[in-house]
Amino acid sequence: MENYSAPQVIPPNKAAILYLWKVAGILLLITIFEFAVAFGLPHHYHILRVAIFVGMTIVKAFYIVFEFMHLRYEVKALIWVILLPLIFLVWFLIAMLYEGFKFSEINFLSLN
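Heads up: the sequence shown at position 75 corresponds to 188 in the numbering used here, and the numbers run straight through without jumps.
In case anyone wonders, no lab produced these hints; they're calculated from the structure.
Think of the CB as a built atom: it goes at the ideal place given N, C-alpha and C, for glycine as much as any other residue.
Take these hints with a grain of salt, some might be off.
Said to hold, decoys possible - With beta-carbon atoms standing in for the labels, derived distance ranges:
#, residue 1, residue 2, range
1, 123, 203, 18 to 26 Å
2, 115, 175, 50 to 58 Å
3, 202, 139, 19 to 27 Å
As the list claims (entries may be wrong) - Straight line, CA to CA, 27 Å or less: simulated DSS-like cross-link-like pairs of lysine-lysine:
#, residue 1, residue 2
4, 189, 173
5, 189, 215
6, 127, 173
Turn these sequences into a full structure, and let the hints guide you.
In structure tokens, the structure reads:
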């Protein structure tokens, strides 16, 4: 047993592991902010809470895509090709929801 040594796990690249911890910390801070907004704001700020929550979720999604799918290192044109349709899609969904809510307020029986 004198030739036996306990196995040691030594990370091959400490800088990469430190970078992953930094990314995880940033995502954790954004999540903590989301929870603080979700449980800290009063109930009458419901629309603001939902808007902040959805916005921070989109920010986290883009950050994950930029870091773990290496989009940060691509050319700027590719980033805009991915980002602009998503922005227009979110705008379209908000516009359609707004229009749908306004459409439901119309009293069709009084139009005759």
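**Asked** When you take the CB atoms of residue 123 and residue 203, is the distance between them in 18 to 26 Å?
**Response** The hint (18 to 26 Å, Cβ to Cβ) is violated, given that residue 123 and residue 203 are roughly 45 Å apart.
**Message:** Against the range 19 to 27 Å, how does the distance between the Cβ atoms of residue 202 and residue 139 compare: consistent or not?
**Reply:** 25 Å, holds
**Asked** Does the structure keep residue 127 and residue 173 at a Cα separation of 27 Å or less?
**Response** With a Cα-Cα distance of about 25 Å, the restraint between residue 127 and residue 173 holds, given a limit of 27 Å.
**Asked** Does 50 to 58 Å hold as the CB distance between residue 115 and residue 175, or does it fail?
**Response** Holds, since residue 115 and residue 175 (Cβ atoms, about 56 Å apart) stay within the stated range.
**27 Å limit on alpha-carbon distance, applied to hinted pair residue 189 and residue 215** = 39 Å, violated
**Prompt:** Within a Cα-Cα threshold of 27 Å, do residue 189 and residue 173 meet the stated pairing?
**Reply:** Status holds; Cα separation ~19 Å.
Violated hints, in rising order: 1, 5; the structure is consistent with all others.
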